[in-house]
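In case it helps, the numbering used here puts the sequence shown at residues 3 to 86.
Because the hints were derived from the structure by calculation, they are not lab data. Among the hints, a few may not be true.
EDC-like mimics (lysine to aspartate or glutamate), calculated; alpha carbons at most 20 Å apart, straight line [to be verified]:
#, residue 1, residue 2
1, LYS33, ASP12
2, LYS54, ASP12
3, LYS37, GLU60
4, LYS37, GLU57
5, LYS7, GLU76
6, LYS37, GLU59
7, LYS21, ASP45
8, LYS37, GLU8
9, LYS64, ASP12
10, LYS64, GLU24
11, LYS42, GLU23
12, LYS7, ASP45
13, LYS33, GLU23
14, LYS37, GLU76
15, LYS33, GLU8
16, LYS63, ASP12
17, LYS37, GLU24
18, LYS42, GLU24
19, LYS37, GLU23
20, LYS42, GLU22
21, LYS9, GLU60
Note that this is a predicted model, so its numbers are computed, not measured.
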Amino acid sequence: MLKIKEKFPDVIRVILGGKEEESVIFNAVQKNIAKTCILKPWDQNIIVLANKIFETEERLKKSNLFSYIVNLNELPTIRASYQK
3 MLKIKEKFPD VIRVILGGKE EESVIFNAVQ KNIAKTCILK PWDQNIIVLA NKIFETEERL
63 KKSNLFSYIV NLNELPTIRA SYQK
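Sequences and hints are given; from them, build the entire structure.
Below, the structure is given as structure tokens:
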């Protein structure tokens, strides 16, 4: 997975694994080698949901909205917006 990250840094990497690999999985996610993990046995709905989350993240990155969200120090409130 590390080689994949180095060769294709923009590819979202997800580990599909089991309890016996828990420490390896945690290490990979912590070091940003993998974006997340889905443990066995997984539900198909989880795979579909993860795919939708990653698609949404990609759309946000392409629209520059993602960088705006990431750089927010705090969420603006409606009241604060009206005061401006």
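Now the hints, each set against the structure:
1. LYS33 - ASP12: Holds, at about 15 Å.
2. LYS54 - ASP12: 17 Å, holds
3. LYS37 - GLU60: The hint holds at about 13 Å.
4. LYS37 - GLU57: 13 Å, holds
5. LYS7 - GLU76: This hinted pair is violated, its Cα atoms lying about 31 Å apart.
6. LYS37 - GLU59: Given that 20 Å is the threshold and the Cα spacing comes to 12 Å, the pair holds.
7. LYS21 - ASP45: 15 Å, holds
8. LYS37 - GLU8: Distance of about 14 Å is within 20 Å: holds.
9. LYS64 - ASP12: Holds. LYS64 to ASP12 sits at ~12 Å (cutoff 20 Å).
10. LYS64 - GLU24: 33 Å, violated
11. LYS42 - GLU23: Measuring from Cα to Cα gives roughly 10 Å; hence the hint holds.
12. LYS7 - ASP45: Status violated; Cα separation ~26 Å.
13. LYS33 - GLU23: 16 Å, holds
14. LYS37 - GLU76: 24 Å, violated
15. LYS33 - GLU8: Roughly 13 Å separates the two Cα atoms, so the pair holds.
16. LYS63 - ASP12: 11 Å, holds
17. LYS37 - GLU24: 15 Å, holds
18. LYS42 - GLU24: 11 Å, holds
19. LYS37 - GLU23: Given that 20 Å is the threshold and the Cα spacing comes to 16 Å, the pair holds.
20. LYS42 - GLU22: 10 Å, holds
21. LYS9 - GLU60: Roughly 19 Å between the alpha carbons, so the hint for LYS9 and GLU60 holds.
In summary, the structure is inconsistent with hints 5, 10, 12 and 14 from the numbered list given earlier, while agreeing with the others.
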